[in-house]
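Residue-level listing of the chains:
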Amino acid sequence: MDVGFIGLGLMGRPMALNLLKAGHRVQVWSRRRESMRPLLEAGAGDCASAAEVARRAAVTISMVPDAPDVEQVTLGAEGVADGAAPGHIHIDMSTIAPAVAQSIAERLGARGVIALDAPVSGGEPGAIAGTLTIMVGGDAAACVHVQPLFEAMGKSITRIGEAGAGQVAKACNQIVTGVGVAAVAEALNFAAKSGADGTKVREALLGGFAYSRILENHGQRMLERNFRPGFKAWMHQKDLRIVMGEAHRLGVALPAAAAAAQLFNGMIGCGMGEDDSVAMLKLLERMSGGVGE
Amino acid sequence: MSVAEGRAEGGAMRVGFIGLGVMGEPMAHHLRAAGHELAVWARRPESAAALVAEGVALCATPSDLAARSEVVITIVTASADVEALAFGVQGLAEGFAPGAVHVDMSTIAPASARALAERYATRGVGWVDAPVSGGGQGARAATLAIMAGAEAATLARVRPLLEALGKRIVHIGPPGAGQVAKACNQMIMVSAIQACAEAFRLAGAHGVDQAAVLCALAGGSAGSRVLEVMGAKMVARDFAAGVEARLHHKDFAILMEEAARLGAPLPVAAQVWQQLDALMGAGWGRDDTASLLRVLEG
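Those protein sequence lines, which keep their order, are chains A and B.
Our numbering applies: residue 1 is where the first sequence begins, and numbers increase by one.
Our numbering applies: residue 1 is where the second sequence begins, and numbers increase by one.
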């Protein structure tokens, strides 16, 4: 298929490369021109704006940091809507608030563009391996039409419901992972402070009811004290801010997520924002008299 | 107090007032009683009926009000309301002459207050954020605690007006700083309400007389204004608003979002926020924040 890709950061670059590898013709544009180079070298088409990407491909994908960026590249000047022909499909794979995703979908709809929200889980390793989990909200037929593109980037692809529903699922994902990272970090810090070997504790727990992907992957990196991102703490914090804002709007209590969000705030305040989320272990160590054993 | 006695030392000022709610209405009366030339604008003109009957001028738009006023005081609900009043169509900014001052006594985000101050500064219009603590009772008794964010010279000009409304006026710092102090105030106060709710929930669970517990605690180390006022409401199961819980809920969204932006962990406030979310979900937003007790009763 002819597909355009906007936003070639840590996640977007490998996702676009996987589309090329699967044989799709890919047009690219990114705000920072140097981030386009790996894609251009791999054979992608060079565009001067998001609008040009939309003129040259019937389907466009955006993967950008935050809601204002999504608004800018879709509805802003020289955005997707400016270049799109009627029936164009735009897939936003960024993580933004469900209500904002709905609003963008409505405004794109008014300009003849079908919008899907399709946030992902799996981090940079999942993006590189093409094994992302993709949660889709929006028109069912459009979702079927772009399925080959999703399959080039991800392994588990689920249409959750109408516009915004993908972002609701992503918010749920961030509740589970945010609280999960905190739980694993607390457990491993507690083990160390109690004089137990964290490596053995993790191994034992992996066989029982406390098994989780986070205990397996994040737990391992905590034990190795490997805090390189991965998924940066400030991005996890941003996602939890979205979640807490939605909970506030809906009148839904999220006490455990709220506690995790405050730990992420603490990480940002301590200058750990650029570390991986697993650096939460370091914050907890500071809160309990230093590194254990 | 006679009008002559109440008259501010610097003489009467032409003052505009917007926001004639539970707080604003008695505040407007105090300004008039202090001898200032008061005019008002109201989204619902009927809310100004009592003042108009006393001879206070009712302006057709915020812009008209600003054009005839040296100082306009606003006390409304949210950041968006203040922004619309200031820079919306026929807003205050269209009417203000250079040298005029907008004193906003609403509780809004510090960032919004700073942004408004900057926009006014380019037009030579002064800004004071002056949120208050003390509730309807403090407004009626003119004993409000007022936390001001402003340039010192601007605050000095409007201080006589604030002295007609409150007893304790503290200059916290530049524009926005008053709202920071107010956020701290809300965090401590609502967290204390939550602590009281949990205490009375525990006493109730034991089957102990809550009124006796309140009486005993009020004299000891746990004694506080919140315990006295809100504890009494909880014991009496009087959940009629004083301050509507939805307003505290709104304040928490602002202060928690700012804390996230700044990387400041607020673990207790985060939990209180969730209890407020549960309160809203239960449909008690227009009741008193003492309803935090009902959240714990499930």
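Worth double-checking, as some hints may not be accurate.
Cross-link-like lysine to aspartate or glutamate pairs, in silico, EDC-like; alpha carbons within 20 Å at most [claimed, not checked]:
no.: 1; chain 1: A; residue 1: LYS238; chain 2: B; residue 2: GLU258
no.: 2; chain 1: A; residue 1: LYS200; chain 2: A; residue 2: GLU186
no.: 3; chain 1: A; residue 1: LYS238; chain 2: A; residue 2: GLU52
no.: 4; chain 1: A; residue 1: LYS232; chain 2: A; residue 2: ASP139
no.: 5; chain 1: A; residue 1: LYS238; chain 2: B; residue 2: GLU257
no.: 6; chain 1: B; residue 1: LYS250; chain 2: A; residue 2: GLU52
no.: 7; chain 1: A; residue 1: LYS193; chain 2: A; residue 2: GLU224
no.: 8; chain 1: A; residue 1: LYS232; chain 2: A; residue 2: ASP69
no.: 9; chain 1: B; residue 1: LYS250; chain 2: B; residue 2: GLU94
Listed below are several chain B residues computed to face chain A (Cβ distance under 10 Å; list not exhaustive) [to be verified]:
no.: 10; residue: PHE87
no.: 11; residue: VAL89
no.: 12; residue: GLY91
no.: 13; residue: ALA264
no.: 14; residue: MET280
no.: 15; residue: GLY285
Hints were generated in silico from the structure; no laboratory data involved.
By construction, the Cβ of each residue, glycine as well, lies at the ideal position given by its N, Cα and C atoms.
Tested hints:
Note on LYS238 (chain A) and GLU258 (chain B): the hinted pairing holds, with a Cα-Cα distance of about 12 Å set against a maximum of 20 Å. At most 20 Å may separate the alpha-carbon atoms for a hinted pair to count; LYS200 (chain A) and GLU186 (chain A) meet this at roughly 16 Å. A C-alpha spacing of about 30 Å is found between LYS238 (chain A) and GLU52 (chain A), which places the hinted pair above 20 Å, so the restraint is violated. Distance restraint check for LYS232 (chain A) and ASP139 (chain A): the Cα-Cα separation of roughly 32 Å exceeds the 20 Å cut-off, and the hinted pair is therefore not satisfied.
Proposed proximity of LYS238 (chain A) and GLU257 (chain B) is supported: the alpha carbons are some 10 Å apart, at most 20 Å. Taking the CA atoms of LYS250 (chain B) and GLU52 (chain A), the gap is about 42 Å. The hint is violated against a cut of 20 Å. Distance hint between LYS193 (chain A) and GLU224 (chain A) is fulfilled; the C-alpha atoms sit about 17 Å from each other, no more than 20 Å. Simply put, LYS232 (chain A) and ASP69 (chain A) have alpha-carbon atoms about 18 Å apart, close enough for the 20 Å limit, and the pair holds.
The straight-line distance between the Cα atoms of LYS250 (chain B) and GLU94 (chain B) is roughly 29 Å, outside the 20 Å bound, and the hint therefore fails. Restraint check, PHE87 (chain B) versus chain A: the minimum CB separation of about 20 Å is more than 10 Å; hint violated. Among the interface hints, the one on VAL89 (chain B) is violated; its C-beta lies about 23 Å from the nearest C-beta in chain A, farther than the 10 Å criterion. The restraint placing GLY91 (chain B) at the interface with chain A is violated, with a minimum CB-CB distance near 25 Å, outside the 10 Å limit.
The closest approach between the C-beta of ALA264 (chain B) and any C-beta of chain A is roughly 6 Å, which is under the 10 Å cut-off, so the hint is satisfied. Here the hint on MET280 (chain B) is kept, as its CB sits about 3 Å from the closest CB of chain A, short of 10 Å. About 8 Å separates the beta-carbon of GLY285 (chain B) from the nearest beta-carbon of chain A, less than 10 Å, and the hint is met.
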